[in-house]
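Undergrad: Okay, here's what each chain looks like letter by letter:
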Amino acid sequence: MNISFTINGQPAQVDVPEDTPMLWVIRDVLNLQGTKFGCGKAACGACTIHVDGDAVRSCAFSAKFADGKDITTIEGLSSDGKLHPVQQAWVDEVVPQCGYCQPGFIMATAAMLDKIPNPTDEDIDDNIVNVCRCATYYRMRKAIHKAAEISNENI
Amino acid sequence: MTKNKFPLLFALLIGIVLVASAYSLETATRDEAMSEEVSEAFDKMMLVIAHKRCVNCHPSGDRPRQGEDSHIHLFNVQRGKEGHGKFGLKCKTCHQQENNLKAGVPGAPHWHLAPRSMAWEGLSRVEIARSMINPENNGDRSLKEIEKHLTEDELVLWAFNPGVDQEGNPREKPPVSEEDFIAAVKTWMDAGAPIPEE
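These protein sequences, in sequence, are chains A and B.
Mind the numbering: the first sequence is residues 1 to 155 in our numbering, read in order.
Mind the numbering: the second sequence is residues 156 to 353 in our numbering, read in order.
The hints are simulated quantities; they were obtained by calculation from the structure and are not laboratory data.
Glycine is no exception: its CB is placed at the ideal position from the N, C-alpha and C atoms.
Hints are not guaranteed to be accurate.
On the chain A side, residues computed to face chain B include the following (Cβ under 8 Å) [as the list claims (entries may be wrong)]:
| id | residue |
| --- | --- |
| 1 | 21 |
| 2 | 42 |
| 3 | 55 |
| 4 | 62 |
| 5 | 77 |
| 6 | 111 |
| 7 | 115 |
Pairs of lysine-lysine, BS3-like flavour, derived with a Cα cap of 25 Å [stated by the list, open to error]:
| id | chain 1 | residue 1 | chain 2 | residue 2 |
| --- | --- | --- | --- | --- |
| 8 | B | 236 | B | 207 |
| 9 | A | 69 | A | 41 |
| 10 | A | 115 | A | 69 |
| 11 | B | 199 | B | 299 |
| 12 | A | 115 | B | 236 |
| 13 | A | 146 | A | 82 |
| 14 | B | 207 | B | 303 |
| 15 | B | 257 | A | 41 |
| 16 | B | 207 | B | 257 |
| 17 | B | 328 | A | 41 |
| 18 | B | 207 | A | 69 |
| 19 | B | 303 | B | 199 |
| 20 | B | 207 | A | 41 |
| 21 | B | 199 | B | 328 |
| 22 | B | 303 | B | 257 |
| 23 | B | 236 | B | 341 |
| 24 | A | 64 | B | 236 |
| 25 | B | 328 | B | 341 |
Please put together the full structure from these sequences, using the hints given.
TA: See the structure below:
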């Protein structure tokens with residue numbers, strides 16, 4: 001099936017079986033390997049991308065549903081050579097340990113901050129449910145609050 | 156001459172009584188049959204509506220249920236303002252327009268939770284039926300609109316095609332076929348949606 005969409009601001013067209021997980025289109029066809037495979041069951045969130053601005057688990061998102069959509073991966077989150085506030089906060093708070101799950105967390109956080117610019121701890125608990133085996137949750141919570149501060153300073 | 160009329164009138168009277176009795180008997184039998192048919196339709200319909208495939212997304216609280224044991228949905232999934240999840244964790248973060256057989260994630264158009272007023276969890280089938288036809292609970296829908304919702308809505312009918320779980324095992328379907336469910340709903344609605352006392 002021919003599928004056309006925008007990815008990180010660029011038009012893309014792929015010819016893949018319609019039920020191919022978007023994760024594999026992104027990683028193997030488009031060679032954007034920042035998006036990670038974790039559980040393959042939409043549970044851990046390592047594969048989180050944005051589809052029309054919403055956080056989506058790309059392992060459970062069939063390619064056919066990407067047709068005509070605007071997709072953003074971790075590679076397209078920053079713009080103009082400047083880190084996205086969430087990425088900057090992640091650096092500032094030295095969040096990653098092994099780092100494998102972090103792109104998914106960063107994408108989920110960016111999607112949340114877009115809708116909730118000043119999240120409370122409760123908002124974070126309710127919206128960011130990805131899994132980190134290194135248990136960097138404490139640092140991530142600090143970084144999410146920091147990202148909100150950076151975003152608000154940039155306005 | 157007068158004496159001869161008596162048996163004739165008597166026979167006429169007997170005839171009238173017999174015809175009336177037969178008519179009355181037939182009517183009673185037909186009513187009884189109709190009532191039984193509607194009662195069976197109600198039973199059949201409620202086997203589906205009270206099934207976990209439906210009730211899991213008609214929770215009494217703000218968190219959906221999932222699975223054959225109707226456990227609270229993992230990952231702290233919440234109702235959100237419109238029943239579509241929280242801003243950063245919407246239903247569509249994981250659930251798409253159709254079942255994903257590779258990931259074992261169920262899906263159907265407009266996947267979301269029923270509003271709080273349509274909570275069925277913990278109710279008996281009679282209580283569910285009363286709630287379902289009560290405009291105060293059902294979003295001010297008429298019986299015709301409820302019938303349409305039950306028989307045509309793709310999210311409702313997903314119950315008959317629930318896909319596979321994360322281990323690839325088929326999810327349990329309601330114990331009534333889609334065709335029989337739709338017929339039962341129509342029979343019940345055509346009868347004015349009577350609810351038995353239980």
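Undergrad: Can you list which hints this structure breaks, lowest number first?
TA: 5, 18, 22, 23 and 24
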